[in-house]
Amino acid sequence: MTTATLGAKTSRHSNRKNNKPNRQTKKYLKQHGYRVSSKSPWGNPIVYFFSLILVAICVTPVLYIIFGGFRTNAQITNDPAGMPNPWEVSNYVDVFTSPTFWQELANSLIVAVCTMVGVVVLGIMVSFVIARYHFKYSKAMYALFSAGLMFPMTVAITPLYLMVRNLGLANSLLGIILPQIAFGLPQTIIILVPFLQSIPLELEEACMLDGCSRLGFFWRMVIPLAMPGVATVGILTFVSSWNSYMLPLFVLSSENNYTLPLGVQMFSSQHSVDTAKVLAFTSLAMLPALICFTIFQKRIVGGLTGAVKG
Amino acid sequence: MKKSKNSGKARNNFEIFVLSAPAIIIFVCFVILPIILGAYYGLYKWKGFGSPSVNGTFVGLHNYIVALKDPEFQAAIGHTFLIMIGSLIVQGPLAVLFALLLNQKFKGRGLIRTLIFVPYVVSEVIVGTGWSLLLQKTGAVNQILNSIGLPSIDWLADSKIAIWTLLAVISWKYIGFAVILMLAGMQSIPEDLYEAAKVDGASFWQMQKSITLPLLAPTLRIWAFLSMIGSLQLFDLVYIIWGEYVSSTAGVSTMATYMVREGRGASNYGYGSAVALIIFVISMVIALVYQHFVLNRDLDGALAEEKKLNKRKARELKRRAKENELAQIAAAEDESVVK
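Sequences listed follow chains Z and X, in order.
Each residue of the first sequence is one higher than the one before, starting from 1 at the first, in the working numbering.
Each residue of the second sequence is one higher than the one before, starting from 1 at the first, in the working numbering.
Among the hints, erroneous ones may be present.
[Said to hold, decoys possible] Each computed PhoX-like pair below joins lysine-lysine, with the alpha-carbon atoms no more than 25 Å apart:
#1 X/Lys9 with Z/Lys136
#2 X/Lys9 with Z/Lys139
#3 X/Lys45 with X/Lys69
Bear in mind the hints are in silico, worked out from the structure with no lab data behind them.
The following block holds chain X by itself, in its conformation from the complex:
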């Protein structure tokens, strides 16, 4: 008896191992290990050939200090944070409003939902190529402005305007995703609540303020988290629209474009790794702080409720089965009455 139990356990462990090992190996190998290696490479002045300890020179924390003191990197951090906060302020309220709009029941809603998702699906490279043509000095946007009597604007090269252009393009690209997330969140709000509010004589906006917004809060928090992480790694769009070197003079360089230009672009792999690690630490601090102060509320609730949920589900199922039975009986009765 004891033996069979043991072999069952061994089998269990074996299954766990076989099923999870490939994923863990590949994850550790390509996600965790590079980050650790990056920290090590960052200590060397190294051009990327051979191994850093042989072909490079150990410089300690020199790379990190240089990076943090470089005004260009500081500017890049500033731009990144501006974009991060700007995206939250611009996209959040708009996404909620649009989701409210598309949460109404009307003909053609499905089509509209698909269409607003288009910018999100199209790749950054394509979007970047398209926008950089549209926003050229002699491009379509300026032509339209001229035709209604407004002067042309140098959307891309003027360092005072470029960052706002970037913010607009980013908002355009990612708002569809935000809207879909909000819609999903709204649809999980039980309709009974609105019916009850209607009975109590609440107006449309009152209902949104006291039902939708509070119940949408978890979705909003998760969206904000995803959006922030996305902003911190912003690279493709800037790199495509402004290119490697123009981005810093146009005032739109981000942490990632700085890293690529100074690291791979100049083949300073030690320095590039150090910058990568700085970005990593900044992202991690933001993520952890956010998780601790904002997301934790959701997670705490989720963990405590997990156990309850299973019990509740079982009860729910039983109740439903009973209801079904009752409904069947009732239906049968109805029919016999009709007959």
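The following block holds chain Z by itself, in its conformation from the complex:
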């Protein structure tokens, strides 16, 4: 492994084409698609200074919410910008033991997971058709979906709500899931189509020679190969569903069906005096999306890079 790193480093610093790699290292070079070990040098202090300012600006308000949950209302009123002193756990305990929180968490999870699965399954199927079949309407189909990117849910929300209600889906989780799948498709297709187009034709031919059908190729080769793109799309969909507010606000009317964003809003209007508990509730509500994002952060950034490169 150390030699591999070394090889990677030399390749980065010297002219790549004339570099004659020795036998152990040649497999692990950057141009072969391997990630170069991330042993970077320490940067310039100025770089750190500005980065830290940037990070502080981005993270402080979020930390304020989390730490605020550990304080009492008296602490918050007397010293709004202070740190918890002493640390108070009761707010978090209260939220953890309230059935409302768990109910809303479960609702949010159901909606987010179903939306994610729906978007990924439908998205990859139609992306495969657009990317790999040659037929008259493939361009039109792509145009149809990419036009959808221009029209976010907001502009259609009133008639969309009426539509959902006419289908008898008002105040049900399905009434959020289906529209979210529909509105998630454009983004998915825009990211996945270039991904699927980049799978070499030779693979498909080889697969056909081995007696696979188009669908067999789809099932055995495309889906595994498209996993990085699928992961990106899936996580983005999950997070945006987790955070979505407007559609649940329109569709859901009974508190049993509330998702977390609605719950946070309701909780903060019901307990407007109890700031500390609101903060505790709020910080617990954002945790799942944050964790999900931190774990898959590299995937998302990598997937976006692929999409931008097209």
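Given chain Z, put chain X in place with the hints provided.
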């Protein structure tokens, strides 16, 4: 022979149908149809019960005229456009600078990249709740200002300041996304260019000006498009921080908050649909104009190059295979020399 070809084609069409029908049905049903229905509902004065033609009264274009003449809606359009342009001006340059900063190779860069993405991942509701507490008259921000000797500012209620507060919160929320997009764009710029520039004696800023910025232009254009579309539908943050009714007196109402308040809030579904359609048309005009004058350059290039690209890829693969072979031979030779 002919028959088998035909059945192959039929099979092909069948596959296309099975794979794409579910997505198209759900897309048409929940995206396209509501927009068309909205245009129809917008012609009626209707409270949302039954069907508009039975339970509502046909008023023609009355709803549209009322909406466009309503000074509150005009103000909301004005705020939305201010936010849209303000976000571009504030976030664009900052995002490029921050991306340049984070594109340097240094320890801890990955962590910093994750952290600046945090505001983007946290939901609008949570961000809104947090900021509305921070920015209260007796909140943390004012306390910090007081402690360094500055007077308190009424961030949320003062109608002269509120819109700038909103712009700041929005920039805070979405700049992480812009930075990540720019970073992705920067990383697809070949490093050879910088090496060549270095050989020619270019300074850091010269390189950024003549290499990074021009090559980042497509990313910038796409980001600007996404940002504009996002600004046009701004709703959650305003609704959470300012609430349904305060937003217009604080001067931060947007087209979407107006639509929700007048449409669903007042159960005037006909009117709400008309406003939705107006927002839709405004967004579409902006999107099309932008696409025509700005994005098209990228798309034209992309379409023309698509065919070339496949050929080039094939050639590239062949070349690489050859290079690999050569490298292997060379490595083998090297080893034998060492031995």
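Going through the hints against the structure:
1. X/Lys9 with Z/Lys136: holds (13 Å)
2. X/Lys9 with Z/Lys139: Holds. Lysine 9 of chain X to lysine 139 of chain Z sits at ~19 Å (cutoff 25 Å).
3. X/Lys45 with X/Lys69: Holds, at roughly 17 Å.
In terms of the numbered hints stated before, the structure departs from none.
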